[in-house]
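Sequences are here, hints too, so could you generate the full structure?
Residue numbers (our numbering), protein chains in the order written: chain A, 1 to 562; chain B, 1 to 162.
Among the hints, a few may not be true.
[Claimed, not checked] What the simulated footprint calls covered on chain B by chain A, stretch by stretch (three residues with Cβ under 8 Å from a Cβ of chain A suffice, anywhere in the stretch; the number is not a length): (1) 7-16; (2) 44-54; (3) 106-119.
Keep in mind the hints are simulated off the structure, nothing from the lab. Quick reminder that beta carbons are idealized off the backbone N, C-alpha and C, glycines included.
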Amino acid sequence: MKLSGAEIIIESLLQEGVDTIFGYPGGATTDIYDVLEKRPIRHILVRHEQGAVHMADGYARASGKVGVCLVTSGPGATNTVTGIASAFMDSIPVVVFTGQVPTPLIGNDAFQEVDIVGITRPCTKHNYLVKRAEDLARVIKESFYLARAGRPGPILVDLPKDVLKEQVEFKYPKKVEMRSYRPTYGAHSGQIEKAGALVQKARRPVIYAGGGVISSQGSAELRNLAEALSIPVTTTLMGLGAFPGTHPLWLGMLGMHGTYGANMAVAHSDVLIAIGARFDDRVTGKVNLFAPEARIIHIDIDPTSIRKNVNVEVPIVGDCRDALTKLNSLVQKWTKQDWSKVRHPWLEQIREWKEGHPLAYQPNGGKIKPQYVVEKIYEVTRGQAIITTEVGQNQMWAAQFYHFDQPNSFITSGGLGVMGYGFPAAIGAKIACPDRMVFDIAGDGSIQMNIQEMATAVANNIAVKIAILNNGCLGMVRQWQELFYEKRYAQTLLKGNPDFVKLAEAYGAVGLRATKSEEVTPVIKKALSINRPVIMDFVVCEDECVSPMVPAGAAMTEMLLV
Amino acid sequence: MDNEPGVLSRVTGLFSGRGFNIESLCVAETMEPEVSRITLVTQGNEQIVEQITKQLNKLVNVIKVIDFTHTEFVEREMALVKVRAEAATRAEILRIVDIFRCQVVDVSPQEYTIEVTGNEGKITAILDLLSHLGIKEIARTGAIALARSKKEGSLKREKIKG
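As structure tokens, this is what we get:
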């Protein structure tokens, strides 16, 4: 039977098990919407296409499935670029469908035409311009495969309007055959043995885990390894939740705003086991002073991550979970010994570091400290919520003061650092996990970058809770100005902020405010008792800094402490 | 790599986006029409070349990457050179053409167009010589290369055995 291109797209999505699409219609995609209305896929109508991609990203992270977006040509397509770039940096599986002008008009500067395939080439894992309807089914099959396979990432599929109308035979391919794309999943057993030999001899080992452990669903295996050998664990921002944040072997996050314990442990380690992490500059600081005494084992599914920034003694290309499983079974074969005893001096040293400089802040009478808000959200939700963040101080405080015991619970734009990410990502996460509490920990600057999605949340009654740490300024940049620019606060004080309570009400949501410490817990509890989207406006100290802090380009041991 | 529109720009975009340098580039279809071959010359230390190789392999359309740095290979470039050829210099140009085993592919009363093939050194050498006589225009390809075949049972070995 022949189907139109538009019908083929929707049938292919159903074959892929897609239940939700985040999108915004336009002239170039009307044919698809016409079909979509009749088929059992939920469409979330966003208010800006950037929001659609962040929602798909949040949906993908919370559910482990592929997030899907559908937008029109031209400005619809260009509005997705930030979201795509963020998903690319964080390796999140998202497929973005963009409308395009009819093929005979491509290249003619037609109305709402843009070369989105050209624009997104460097920030997608792969992208397609489909010129014939007969290619649609194969391209969609490949897109969903590529989004998930190997190191996951965003795929863009550009759909000219005439292709949507063309009638062709539809047959959805059963499997993908691409001779040019074959990621390595199985970790090489010889390399595993080399890694094992290093770990066995290590006196001061540290595990440094990243988002790869979460995307490979390797958290349980990571915990097994750490516990079996009593190895302390730190993670990157993207790795939070890969190892329980309340575990005795937990060091806290490492890096620029990492804990003193984590940064000192890494700096003094003799063997560093990097798993699904990529030695980002925010983690390493001055790279030649990073873990100077360590022999490094690096497990990653992406060969380009290995030896990109630091030299590695034992590279292991493969799926993190597979490598961890193999390491664990190797450890099982070793002669039994009491590792907690072997590790005792090292863990004692670490305990001293941790207790000497724990994450802390000075309470300030009645005024609300932003860290206090995060602590209270943690307490009230008993650590069970999905937390999304914007970018800046709010992101770091959420990472430091909410303790994640489960993977897929901390959702943040780690690599690209997109202000305006957290709120739409929270909507996507809540749609993926309607039974979980979802909080966006936001700043008053960031929240205004995608505030229009309030209408999306209200229209679909997606009961996300937005906690604005409202300090009236762009806190992280203000912090840099305070510390490194002699307190010249150029353009970081936000005058003219709206009344966020009234703003929530204007959208038909609920607005709550706390201005004193004792109001914080009641406001959080009240927000949770209301099954609607809620904005909580926490009026916090303006001049609070994120601590510890390693100045950009300094060694990780040169931390500025409170 | 797959012979599809946009693949070349994925490769060149990767180089510019990541700050790698392209010294020369040649692209053509292979015996399989759906596959094309890029020969690209770049420079970098071992770590950079390793990154380039890995990054290229990561492109979905790239089928295979071969680094010739540590292999024996044959390499050729070609240039077409339009030289001013007046009565006084015509014979001299032809002598150079002969010495370098080039070919004159177009002739006019004032000009010769010469085709020269060889490695980069040879082409630079002839351009040096001809520049004194007046080069009007040149078109030059990048390098193409193939690994040398294994020469098992070579003459030398047989002699030793004998």
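Against the structure, the hints:
{"no.": "1", "hint": "7-16", "result": "holds (count 4)"}
{"no.": "2", "hint": "44-54", "result": "holds (count 4)"}
{"no.": "3", "hint": "106-119", "result": "violated (count 0)"}
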